[in-house]
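There are 2 protein chains.
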Amino acid sequence: MTEMSVTSPKSKKKELKLGQLTIPAPAIVASLSGDASTKALAAEKQGADIIEVRLDLVDGDPLEVIKIVRNTTRLPIIATNRMREEGGSFSGTEMERIKLLLKAAKWANLIDIELRAELRELALQSVDKPVIISYHDFQGTSTYEELKGILEDIINAGADVAKIAVTTKSLADNLAFLGLLLETTHPTCMIGMSDVGRHLRAVAPLYGSVLTYGYLDEATAPGQMSVSQLHQALGILGASSG
Amino acid sequence: MTEMSVTSPKSKKKELKLGQLTIPAPAIVASLSGDASTKALAAEKQGADIIEVRLDLVDGDPLEVIKIVRNTTRLPIIATNRMREEGGSFSGTEMERIKLLLKAAKWANLIDIELRAELRELALQSVDKPVIISYHDFQGTSTYEELKGILEDIINAGADVAKIAVTTKSLADNLAFLGLLLETTHPTCMIGMSDVGRHLRAVAPLYGSVLTYGYLDEATAPGQMSVSQLHQALGILGASSG
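Same order as they appear, the protein sequences are chains W and U.
Just so it is clear: in the first sequence, position 86 is 85 by numbering that gives the first Met the number 0, and no numbers are missing.
Just so it is clear: in the second sequence, position 213 is 212 by numbering that gives the first Met the number 0, and no numbers are missing.
Wrong hints could be hidden among the right ones.
[Claimed, not checked] Pairs of lysine-lysine, DSSO-like flavour, derived with a Cα cap of 27 Å: (1) U/Lys66 with U/Lys128; (2) W/Lys13 with U/Lys168; (3) U/Lys44 with U/Lys128; (4) W/Lys66 with W/Lys168; (5) W/Lys44 with W/Lys13; (6) W/Lys168 with U/Lys147; (7) U/Lys66 with U/Lys102; (8) U/Lys168 with W/Lys147; (9) W/Lys16 with W/Lys44; (10) W/Lys16 with W/Lys128; (11) U/Lys13 with W/Lys168; (12) U/Lys16 with U/Lys105.
Rather than coming from a laboratory, the hints here were simulated on the basis of the structure.
Generate coordinates for the entire structure from the input sequences, incorporating the hints supplied.
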């Protein structure tokens with residue numbers, strides 16, 4: 000379903016085709032929490048390419064919120080209902096969590112589901128949108144070899160985009176994880192959540208990470224930068240020297 | 000002569016002691032060319048920590064220029080009279096080049112001399128300021144192993160700061176060179192001069208590169224960023240996530 004292509008040799012701008020959906024790569028994802036329904040337009044203005052609605056973190060009825068976001072922006076929307084074990088805040092049962100995600104998918108262009116979600120296969124059978132399958136290591140206990148295996152598991156599970164968020168513990172760790180990114184040909188998003196890995200949010204995109212997540216007012220994960228910081232940093236780092 | 004120390008556990012700001020001279024690490028170096036005598040103050044305002052006077056690139060009498068810069072700024076000054084084979088523009092003989100550098104050293108806090116300079120040893124015997132010994136590979140033909148050897152040669156030659164500017168040809172090259180930076184304990188400046196390595200100018204400092212060079216109006220080397228771009232990028236990438 001996925002395809003990576005260079006669309007213009009002149010601009011070097013790449014695109015990622017996910018079925019009917021085409022997104023720029025790398026794309027800046029604005030991760031919206033709290034009063035999300037009012038923030039989509041601001042995210043767009045700050046340089047976001049995609050909006051993520053964190054169903055587990057928004058104020059009010061999450062389905063009402065994503066509906067409003069859908070009516071506010073023409074940007075692609077990712078629906079995410081993060082489980083507690085991976086840094087989320089959803090308080091219901093696993094079945095309730097997946098049901099909400101699947102309902103929200105109606106207004107989304109992509110959904111994000113965890114590799115470790117108990118009902119992952121059920122969810123994947125029931126959804127007809129491209130899927131991000133994600134893995135978060137908040138403790139930084141995964142070795143390079145383990146993460147390589149996890150990336151393979153994610154791809155084998157049918158991910159259109161693989162997403163791995165790591166808590167690197169050293170600069171050498173960062174280089175190993177950037178190396179992992181260079182090795183894979185599958186569309187992959189790699190995120191650094193520690194202080195020592197924070198810069199990966201702006202640097203991993205240069206090494207092929209297809210998505211990078213930023214916040215508007217309030218971080219939704221450790222080490223996250225704001226959308227405007229990402230936009231600025233990518234502009235400076237990614238520009239050609241002319 | 001050199002020593003790397005963490006001065007405040009609170010700010011995590013490091014300093015590099017070079018004899019009597021103490022500089023922040025990483026430090027942003029504003030490389031001044033052309034009408035350099037008027038630019039030092041602007042460089043300071045844009046966030047430079049050190050001023051480099053490119054004796055081979057300034058308008059007018061280089062000794063007059065560096066004297067004016069000395070009287071304009073309290074920032075440390077690097078005197079550089081780059082040889083043609085390493086990207087410079089000095090048109091006299093090697094002896095004239097070294098004589099000008101040594102005279103300029105009077106108003107400088109550091110001097111930069113090339114590992115491959117014919118009169119390097121003579122120059123080092125005659126100067127009592129800390130020394131940056133530099134190597135530039137504009138073709139990108141040096142392998143990782145060769146650059147590792149060059150770094151050792153630079154250190155053995157008595158460099159207070161080793162400076163290696165590489166033209167990386169791939170993202171994998173970048174990771175290898177960042178790895179080399181992690182391996183050395185000697186104060187080292189690592190620079191990327193290609194498009195694919197351009198971001199190293201802002202990223203190598205996070206991996207221990209002690210200096211990063213920016214321009215004010217006009218680049219003095221391929222892939223160079225401006226001082227204000229470096230200041231901005233380091234601010235975003237280097238900040239702790241709080």
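Quick rundown of the hints versus the structure:
This hinted pair checks out: U/Lys66 and U/Lys128 have alpha carbons roughly 16 Å apart, not beyond 27 Å. The hinted pair formed by W/Lys13 and U/Lys168 meets the criterion: a straight-line CA distance of about 20 Å does not exceed 27 Å. For the hint linking U/Lys44 to U/Lys128, the alpha-carbon distance of about 26 Å falls within 27 Å, and the restraint holds. With a C-alpha separation of about 39 Å, the suggested pair W/Lys66 and W/Lys168 falls outside the 27 Å cut-off, and the hint is violated.
Among the hinted pairs, W/Lys44 with W/Lys13 is consistent with the structure: their alpha-carbon atoms are about 21 Å apart, no more than 27 Å. Distance check on the hinted pair: W/Lys168 and U/Lys147 sit about 25 Å apart at the alpha-carbon level, within 27 Å; holds. With a C-alpha separation of about 11 Å, the suggested pair U/Lys66 and U/Lys102 falls inside the 27 Å cut-off, and the hint holds. Between U/Lys168 and W/Lys147 the alpha-carbon distance is near 25 Å, which keeps this suggested pair within the 27 Å criterion.
Between W/Lys16 and W/Lys44, the direct Cα distance comes to roughly 24 Å. Compliance with the 27 Å bound is thereby established for this hinted pair. A C-alpha spacing of about 13 Å is found between W/Lys16 and W/Lys128, which places the hinted pair at or below 27 Å, so the restraint holds. For a cut-off of 27 Å, the pair hint linking U/Lys13 to W/Lys168 stands: about 20 Å separates their Cα positions. Distance restraint check for U/Lys16 and U/Lys105: the Cα-Cα separation of roughly 20 Å lies within the 27 Å cut-off, and the hinted pair is therefore satisfied.
Consistency note: the structure conflicts with earlier hint 4 alone.
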